[in-house]
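Chains as they are written, first to last, in our numbering: chain R, 5 to 283; chain B, -7 to 300.
For the record, the hints were derived by calculation from the structure and aren't laboratory data.
Please note that the accuracy of each hint is not assured.
[As the list claims (entries may be wrong)] If you want the footprint, here are the derived chain B segments under chain R, 3+ residues with CB under 8 Å:
| id | stretch |
| --- | --- |
| 1 | 9 to 23 |
| 2 | 35 to 47 |
| 3 | 253 to 267 |
| 4 | 280 to 286 |
Idealized CB from N, CA, C, for every residue including glycine.
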Amino acid sequence: MEERVLRVYIGRAVSYALLLLVALLFVIPVFWMLSGSLKTLGEIYTFPPQWIPLHPKFSNYVEAWQAAPFGRYYLNTVIVAFFGTAIEMVDAVLVAYALVFLRFPGKNLFFLALVAALMVPIHATMIANYATVSSLGWVNTYQGIIVPGAATVVAAFLLRQHFTTIPRELVEAARLDGAGHLRTLWSVLLPVSRPVLVTGALITLVGKWNDFLWPLVVTNTSNMRVLSVGLAQLYNQEGQNQWGVIMAATIFVIVPVILVFLRWQKHIVSGLTAGTTKY
Amino acid sequence: MEERDPKPVRRRSRGRRIRREHLLFLAFIAPNFVILGIFTYWPLLYQFYLSLTSWNFLSPEKPFVGLANYRQMFAQQGFLQVLGNTFYFMAAVVAGSLVLGLAVALLLNQKLKGRNLVRSIVFTPYVLSGAAIGLVWDYIFDPHYGLIHAFLEPLGIPSPNWLNSTAYAMPALIIVYLWKNLGFSALVYLAALQNIPRDLYDAAAVDGAGKWASLRHVTIPQLAPATFFVVVITMVQSFSYNAFDIIYVMTQGGPVNATTTLIWYIYQQGFQAFNIGIASAASTVLFIILVTLLLIQNRYVRRRTEEM
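Throw the hints in and build the complete structure from the sequences for me.
Following this line, the structure appears as structure tokens:
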């Protein structure tokens, strides 16, 4: 018996050690970035490494902000992410409503067409899309960045899934009261769909905030760059001699997403791992 | 029976109502499907057409060249290496996501203090910009002043010059990609673990199964659907995106093409060399491989479910 107790204790100790190890594997790189952003050049180029900068150099942040038009990058990213998400969510609500509550012969085909779109990653179509966007005269414009990626698939799935769980009587009662479809959608369905709407909007927003390849190819002047692209190009310019400044700039890019994640973690995790239980 | 003799006016109004509903359906789905049509479906056809031409985005003419782009592309030594790199990356990422994701999920599934915090910490990189994470790791991999060097040096192991070595650059990218995305597979597995009925383990224990045996005979079979999900998602994501943003900041496809994946190749041919025919041909190849992979998986799953 005693041996068993001992084994349980050892097992738990091993588990805690592993848990700590996993935590460290994920915390240390982030810590390295933070401490790097505050290091002087001397502290960066020293071995063994200086874990905690003795003379935190906050001016790295000022330098980073001035090394590239980060204010403009923020503005561009906010515009692109906000409008892109808004379009996607409106589309998602309309598509989900149509698929669940409106009659149409063979409407399942439209659902299948959505599923098929999941298999066509935007990166597999960027050459043709660039040609299309350029013939529309949209290269280096906000609509050029936003519109090609503005069709919704995932958010529409989430909402459709949610709408199917809503009792049909609720919708029919509203219809009998004389509410039109838009009215029913707006004042009956949307209020009870808030968590799903928030989830869909958040994962869409985060995806657009981080988007890289399309904004890279479709813009060609510094004042149209988004944060992620601007950051990468700052690095190409400054190179590896300026780790302090580069790490400070990296923090500019990730802080908004970290804040959003901390605030709405549950929504984001459930949205991003949705579909798990379906298989 | 009552329906048989309604006033004709009402019947017509019912027909009109249905017609209006049909129109409304089309109006509701139109915005989304117009965008999908123009920027998702049409490009596949248009790109296939472009792959049969010689074009540079600018010239007004696109001379038709038949399959010359494909012949030229496959004749290049480099292109087979590109395909090899892409599959190497994908296979390592899928295997790593399964093994490490399951390991972390098994750990987080135990009743340990602080596990929720660790869960959040592990998941956070998944929502962060790949470009930002690539930069942080670029600094970590720095052969002289980086973190890995700092850990290896005291052990007397020289740190490889990760990103400038043809042998180590790809493993470095795989490490970064796994670090960024591990939270996803871990959380999928964790959710699936929590859905396994307790009594299956009780029954296994009654049969005298130890920890390993119940992992092998209960946990892993029960996780098959989650495993399938993780494989599909990580495969599609890693194959079709190839961590482009991470490659962009860390290696730019180098050294000597060692990390040139299919997406990087398309980007290079399309937006640096302006060989639109070749870039389109490569895009078409990418799409065909992707669809083939998905069909094989689908088939495999169907066979498995029929066996069960």
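Can you name, in rising order, the numbers of the hints this structure does not satisfy? Going through the list in order, the structure violates no hint and respects every one.
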